[in-house]
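Novice: Protein chains in written order, with our numbering: chain A, 1 to 653; chain B, 654 to 818; chain C, 819 to 918.
Derived from the structure by calculation, the hints contain no laboratory data. A virtual CB, placed ideally from N, CA and C, is assigned to each residue, including glycine. Warning: the hint list may mix true and false statements.
Rough simulated footprint, nothing fancy, chain B against chain C, three-plus residues with beta-carbon under 8 Å [stated by the list, open to error]: (1) 834-842; (2) 864-871; (3) 896-909.
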Amino acid sequence: MSEQSSLLLWLVLLPLLGAIFNGLVGRRLSSRWIGFVGCASVFGSFLLGLVAGRPVFASGGEETALQTVYSWISAGGLNVEVGFRLDALSLVMVLVVSGVGLVIHLYSIGYMHGDEGYGRYFAYLNLFVFAMLTLVLADSLPVLFVGWEGVGLCSYLLIGFWFEDPQKAAAGKKAFIVNRIGDLGFLLGMYLLYSLSGTLHIESLRQAASSGAIGPAAATAACLLLFVGATGKSAQIPLYVWLPDAMAGPTPVSALIHAATMVTAGVYMIARLNFLFALSPDASALVVLVGAFTAFYAATIGLAQNDIKKVLAYSTISQLGYMFVGVGSGYFACGIFHLMTHAFFKACLFLGAGAVIHALEGEQDIRRMGDLRRRLPRTYATFLLATLAIAGFPPLAGFFSKDEILWKVLSSDSQALWAASWVHPLAYALTLAGAALTSFYMFRLVFLVFHGQFRLPAEKHVHPETPIMTWSLMVLAALSVVGGWGGASLLGVHAFEEFLWPVVGEATEKMAALRPFAHSHSAEWLAAGAGVLAALAGWLLAWRFYLGRPGLPERVARATGGLYRLVLNKYYLDEIYDFLVIRPLSALARFFWKVIDVFCIDQIGVNGSARALGWLGQVGRRLQCGDGQVYAFWLVLGGGIVIIYLVVVAGWF
Amino acid sequence: MSAVLFWIFGVAALVLGMLVVVLPNPVHGAVALVGNLICLAALYAMLQAHFLAMVQVFLYAGAILVLFVFVIMLLNLKREELGRPRVTASKIAGMALLGALGWIFVRALLALPRVTMPEAGVAFGTVEEVGRLLLGRHLLGFEVSSVLLLAAVVGAVAVAKRRLW
Amino acid sequence: MITLQDTLLLSGFLFFIGLAGVLVRRNVLVILMSVELMLNAANLALLGFSRNLAEGTGQVLAIFVMTVAAAEAAVGLGLVLAMFRHRGTVDVDRMRGLQG
Chain A
1 MSEQSSLLLW LVLLPLLGAI FNGLVGRRLS SRWIGFVGCA SVFGSFLLGL VAGRPVFASG
61 GEETALQTVY SWISAGGLNV EVGFRLDALS LVMVLVVSGV GLVIHLYSIG YMHGDEGYGR
121 YFAYLNLFVF AMLTLVLADS LPVLFVGWEG VGLCSYLLIG FWFEDPQKAA AGKKAFIVNR
181 IGDLGFLLGM YLLYSLSGTL HIESLRQAAS SGAIGPAAAT AACLLLFVGA TGKSAQIPLY
241 VWLPDAMAGP TPVSALIHAA TMVTAGVYMI ARLNFLFALS PDASALVVLV GAFTAFYAAT
301 IGLAQNDIKK VLAYSTISQL GYMFVGVGSG YFACGIFHLM THAFFKACLF LGAGAVIHAL
361 EGEQDIRRMG DLRRRLPRTY ATFLLATLAI AGFPPLAGFF SKDEILWKVL SSDSQALWAA
421 SWVHPLAYAL TLAGAALTSF YMFRLVFLVF HGQFRLPAEK HVHPETPIMT WSLMVLAALS
481 VVGGWGGASL LGVHAFEEFL WPVVGEATEK MAALRPFAHS HSAEWLAAGA GVLAALAGWL
541 LAWRFYLGRP GLPERVARAT GGLYRLVLNK YYLDEIYDFL VIRPLSALAR FFWKVIDVFC
601 IDQIGVNGSA RALGWLGQVG RRLQCGDGQV YAFWLVLGGG IVIIYLVVVA GWF
Chain B
654 MSAVLFWIFG VAALVLGMLV VVLPNPVHGA VALVGNLICL AALYAMLQAH FLAMVQVFLY
714 AGAILVLFVF VIMLLNLKRE ELGRPRVTAS KIAGMALLGA LGWIFVRALL ALPRVTMPEA
774 GVAFGTVEEV GRLLLGRHLL GFEVSSVLLL AAVVGAVAVA KRRLW
Chain C
819 MITLQDTLLL SGFLFFIGLA GVLVRRNVLV ILMSVELMLN AANLALLGFS RNLAEGTGQV
879 LAIFVMTVAA AEAAVGLGLV LAMFRHRGTV DVDRMRGLQG
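Between the sequences and the hints, there should be enough to build the whole structure, so can you do that?
Specialist: Laid out in structure tokens, this is it:
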């Protein structure tokens with residue numbers, strides 16, 4: 001079933017070596033070398049993934065390749081080894097991370113050309129890939145957490161890449177800090193699991209779960225804690241606030257980290273720990289609810305944004321919600337499937353947006369774009385394909401993955417006691433509405449950017465398309481088209497699901513409870529139809545608004561007045577957080593600083609003891625008066641006290 | 654009989670001691686001290702320490718006090734230089750302390766029984782007896798005190814010299 | 819008859835008188851003489867105890883005390899002379915050179 005492989009360590013280490021190389025000597029080398037090393041290391045990981053994954057492919061997902069590198073912690077009862085596990089699930093992740101990552105690396109050669117921090121950029125990018133690979137290949141929770149933290153660190157470094165701008169630096173800090181809050185939940189979940197089962201090795205945990213060492217209440221608690229970590233990393237409510245701000249980083253960073261890889265870590269973690277979530281229907285129901293609500297909520301915010309990257313950011317948050325709906329309902333393979341297709345088309349969209357920004361020399365406001373389809377034809381074509389994919393038009397990838405989730409959530413029921421009959425229908429309604437909204441805002445983006453009138457100043461120079469960037473876009477667009485055909489369950493193709501079945505099948509079966517019209521093929525086609533209708537509705541509405549009647553958007557915005565402003569300002573959530581959380585904490589910190597540190601410790605403690613000693617010295621100084629008779633008096637006094645004591649108190653007489 | 658004498662000399666010694674401390678002129682004080690020492694010598698004799706009494710008169714009154722008077726005369730202090738007594742806090746506190754200690758002292762002693770001292774034998778206090786002890790049992794002290802005297806002489810000369818060679 | 823109690827009372831009074839002189843007077847010479855008074859009081863006590871116990875050792879000790887008193891008087895008076903030559907006064911209150 002499993003065999004040892006010594007390639008896994010190299011798979012993980014190659015990007016790290018690339019990062020060290022570019023970090024240390026990058027300054028002295030020409031940008032050609034930097035780019036070459038950066039891309040070659042990721043390419044090497046991709047190849048090693050294919051090679052090491054051969055037995056896994058050959059056995060249809062049954063085989064796993066393992067490698068234990070060394071014993072990391074050995075303290076009392078806690079034994080943690082650094083080990084890697086390449087099974088069907090992690091193989092999919094490895095290929096997505098390194099594959100899409102490679103494309104983005106190549107794209108970055110064109111995008112970041114001429115930037116001062118070129119070497120630093122590729123070093124960080126490689127470091128990120130290293131951390132992400134560690135995360136997905138980890139066979140125990142602490143090693144996973146190392147990768148978890150590593151990607152958080154790299155996102156800070158990369159978001160705040162142009163750190164001389166204080167706003168961009170602040171965005172980096174915000175990402176890291178909000179992630180940290182989630183990480184606390186993850187850590188607590190880990191501790192709970194350890195205290196229950198005495199191990200943190202994932203396979204051992206699986207056995208502990210099946211043997212009943214983890215009761216349902218404890219499993220619920222652990223799942224909820226871990227999910228808190230996932231909301232931080234994967235930008236769900238309530239910890240999603242960092243992701244829109246993270247658009248301050250270079251666009252390829254947004255593509256890699258905030259579309260394809262890092263934000264999917266939360267989804268991956270739940271899929272990895274499927275046996276745990278299978279033990280807790282309550283926690284899984286909550287995951288579904290949060291995911292569905294986030295999907296809808298983020299889509300509404302995306303409607304009104306005017307920055308091209310912000311629209312895509314909220315779109316990412318929304319699509320991540322779909323993935324959580326998938327894994328929360330127990331259909332882990334569906335969630336991962338959507339993860340994969342989303343990586344393709346979202347990366348394509350972000351890179352396309354980057355191409356537009358690059359061509360317009362930094363302009364990001366879509367109100368100031370227009371009619372770029374003639375000037376940037378290949379960018380337009382790939383962007384359009386990716387938009388069709390995300391909106392869910394068949395036969396592109398997004399259709400299959402999104403509809404799979406919609407169908408699964410409609411056709412099953414939750415086993416949670418508190419939410420049994422209404423969770424899934426509600427989730428279906430929210431996700432279906434979200435699909436319509438997705439289609440609407442994505443086509444709004446396309447029409448405003450590429451169609452219509454050229455709203456920039458006439459003399460504005462539009463750079464021609466860079467070949468390497470265009471080539472990357474085409475690869476991703478192609479994947480957006482064909483990437484879903486491995487999981488087209490509508491047409492009876494279940495290859496993807498079957499491939500992952502050895503890893504997630506048991507948990508999926510445990511969690512699936514059936515409703516009357518489940519497994520009915522006609523119902524499935526109907527549901528698919530509903531999805532396509534939603535996509536069409538969105539497209540038509542966007543056409544009407546942005547190509548048909550030019551004045552309509554402003555009229556609607558004015559008519560809805562307050563609601564429009566609410567959505568435009570992202571429901572003022574950042575401001576709410578600032579008021580509820582950040583100000584009290586700042587006040588508390590200021591208290592600790594001014595009162596306790598400066599006053600109590602410094603003034604009273606340090607300076608105070610110095611002054612006290614000085615005072616004592618001054619007092620003592622007075623004792624030396626130079627007058628011998630006074631000294632004689634003190635002598636007599638001392639002796640007298642002794643005598644008085646002896647005679648009166650101790651009664652020597 | 655001996656008690657009466659004892660008290661006569663005792664009171665005299667006390668009064669003369671008071672005078673030493675009280676009189677402003679140190680010459681007068683020295684004279685009072687001489688008287689005090691002689692009274693004490695009488696007391697020593699009554700305590701059957703005849704040799705000591707003699708030594709007291711020769712040595713203390715005869716040599717040490719003479720030295721004192723000599724130096725006082727040498728200094729030749731004028732009336733004005735003697736200065737007025739100053740009253741300070743430490744002096745008042747000191748007197749109070751001495752008062753307290755004195756009171757405790759008296760109370761403690763009065764608790765002792767009033768017994769006559771036993772007979773000490775004829776040879777007690779004689780030159781022969783003291784000499785035997787001094788050069789016998791306490792020979793070490795004898796020798797050490799001679800060294801002490803040597804040191805004192807050298808020291809006094811060194812301190813009082815006008816100019817070092 | 820002479821009792822030890824009386825002797826000790828007398829000795830104590832003399833001692834306290836001498837101590838008072840040391841604490842109160844300003845003239846160095848008077849202070850020295852008060853010290854001699856204290857030493858004599860001690861001698862008296864010693865001899866009283868010696869008689870009471872019929873031990874000759876007390877008298878020997880008294881001799882030593884006298885010796886020490888002599889040595890101390892010699893050196894002390896030498897100091898007084900030096901003091902007078904240096905400062906022109908024998909007032910203790912003027913001798914505050916070690917005041918810190």
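Novice: Hint by hint, say whether it matches the structure.
Specialist: Quick rundown of the hints versus the structure:
no.: 1; hint: 834-842; result: holds (count 8)
no.: 2; hint: 864-871; result: holds (count 5)
no.: 3; hint: 896-909; result: holds (count 10)
Consistency note: the structure conflicts with none of the earlier hints.
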